[in-house]
Amino acid sequence: MFERPQSGERAVLVRLGLGAPLRPEDLEEFRQLARAAGATPVATVTGRRERPDPRYFVGTGKAEEIGTVAAATSADVILIDHPLSPSQERNLEKLTGRRVLDRSGLILDIFAQRARSFEGKLQVELAQLKHLSTRLVRGWTHLERQKGGIGLRGPGETQLETDRRLLATRVKSLTRKLARLRLQRETGRSARVAVPVPGVALVGYTNAGKSTLFRALTGADAYIADQLFATLDPTVRRLTLPGGADIVVADTVGFIRELPHELVAAFQSTLQEARSAQLLLHVIDASDPRHDEYTVQVNAVLADIGAGALPQLLVYNKIDRLEAEPRIERDAEGEVAQVWISAAQDRGLGLLRAAIAERLQLHAQRGWLRMPATAGALRAQLLARGAVREEQAEEDGTLRLLVELPGPQLEALARDPQVTLALLPPGPPCAGGLPYLESTGPVPPGVRYAGRSR
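Under this note's numbering, the residue at position 197 of the sequence shown is numbered 197, and the numbers go up by one with no gaps.
Be a bit skeptical, because a hint or two may be false.
[Claimed, not checked] Calculated pairs, EDC-like style, for lysine to aspartate or glutamate (alpha carbon to alpha carbon, straight line, at most 16 Å): (1) K94 with E64; (2) K172 with E125; (3) K177 with D163; (4) K177 with E119; (5) K62 with E50; (6) K94 with E65; (7) K177 with D109; (8) K130 with D163; (9) K62 with E93; (10) K94 with D109; (11) K130 with D109.
Keep in mind that the hints were calculated from the coordinates and are not lab data.
Throw the hints in and build the complete structure from the sequences for me.
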């Protein structure tokens, strides 16, 4: 048995090329993961195998080499950039006399350090417990012994069985708490405003600049750092596009290759912000030579969480490193497909806002809204959003508001039984004079004219 250090770890990094040559880019990303966890890499052990060794994963000779390197560098922990089985992890710990963490355990540790919200902490703990449930024995032989001594003799349950039972109880408790939080999140999402606001979610490979872009677009005080998984907890802010159309923007956790399945499962409620969005802004580091590969990996994770079919707008960030100019690129059908920007230098954000509005088809329309004086909450909301162009009060106290909103939001207003909506015919451009906010388009179904349903 050995003591397991809690902080200040000196780490030996291990990465193998399985059936293919080792790629330096993968090893560098693993170094960044180790540093993000607070470890100090002191040595690197690499190699190549056709297939994993069932006992040590890396093979007997390589395992002995790792132990020698760890002893020579006084390392505290050995980090393996591969998923290990519980027995492989335990065997390596016995051979090297040091703590061993595989890729999943390392990422879970980073998430445990970075989670800030109550829900995020619960999700990380649940993922850690599920990961730990198969690793309780590890190097701790005392867990296999039954309790003994005066006053301690019981029905014969081993300490290991006790720990497993307590762990299962905690997992059930966390699952129930997260289910309640998920319900609250769904309720809050459906009741954010009476008039529905389109949702946009920022997704992308970790460290692509999502939080920088989120701050530049919304002004939110998002945490920004040049490290992997700098942001874990989702942040949602309202964004008003030129012309007055409102959308909701959500900043989500960054993705990475071989993201542990425990985390994908545990963060279902957090990733719901991506699944419920009408448009995904897929942020890509244009300066990274492997950005095409990362794009494929992000799309794979999106498919895992049920968001693979959502429309995407590719946002190529960090063009300042390429000395490129902001631009919009369209596909063969003429639809906006890519926007090239620099969030850090605030370049191209106007193009991005216009592209978002175009992809969401935020064509505004004007209409007279008639409501009783008791509908003050709806009036205040429309005023706060800047949607009211003119206001009149009738003798009986009824209010008439000339409102300007995107078609889907006017359609939602028309369903309110306390209001009557009469659309104006298409006319001049709406506020701002922007072409994508012109008062054009078909009449939304369900719109009422002077009390008549159409």
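Hints, verified against the model:
Restraint check: the Cα-Cα separation between K94 and E64 comes to about 11 Å, which is no more than 16 Å; the hinted pair holds. A distance of roughly 12 Å separates the Cα atoms of K172 and E125; the hinted pair therefore holds under the 16 Å criterion. Restraint check for K177 and D163: not satisfied, since their Cα atoms lie roughly 21 Å apart, outside the 16 Å limit. Taking the CA atoms of K177 and E119, the gap is about 9 Å. The hint holds against a cut of 16 Å.
Annotation: proposed proximity of K62 to E50 holds, straight-line Cα distance about 14 Å (limit 16 Å). A threshold of 16 Å between alpha carbons decides the hint, and for K94 with E65 the separation of about 14 Å falls inside it, so the pair holds. In summary, the hint linking K177 to D109 is not supported, as the alpha carbons are separated by about 21 Å, beyond the 16 Å threshold. For a cut-off of 16 Å, the pair hint linking K130 to D163 stands: about 13 Å separates their Cα positions.
Our distance criterion of 16 Å between C-alpha atoms is met by K62 and E93, whose separation comes to about 14 Å. Restraint check for K94 and D109: not satisfied, since their Cα atoms lie roughly 22 Å apart, outside the 16 Å limit. Under the criterion of a C-alpha separation no larger than 16 Å, the hint pairing K130 with D109 is consistent with the structure, at around 13 Å.
In terms of the numbered hints stated before, the structure departs from hints 3, 7, 10, listed from lowest to highest.
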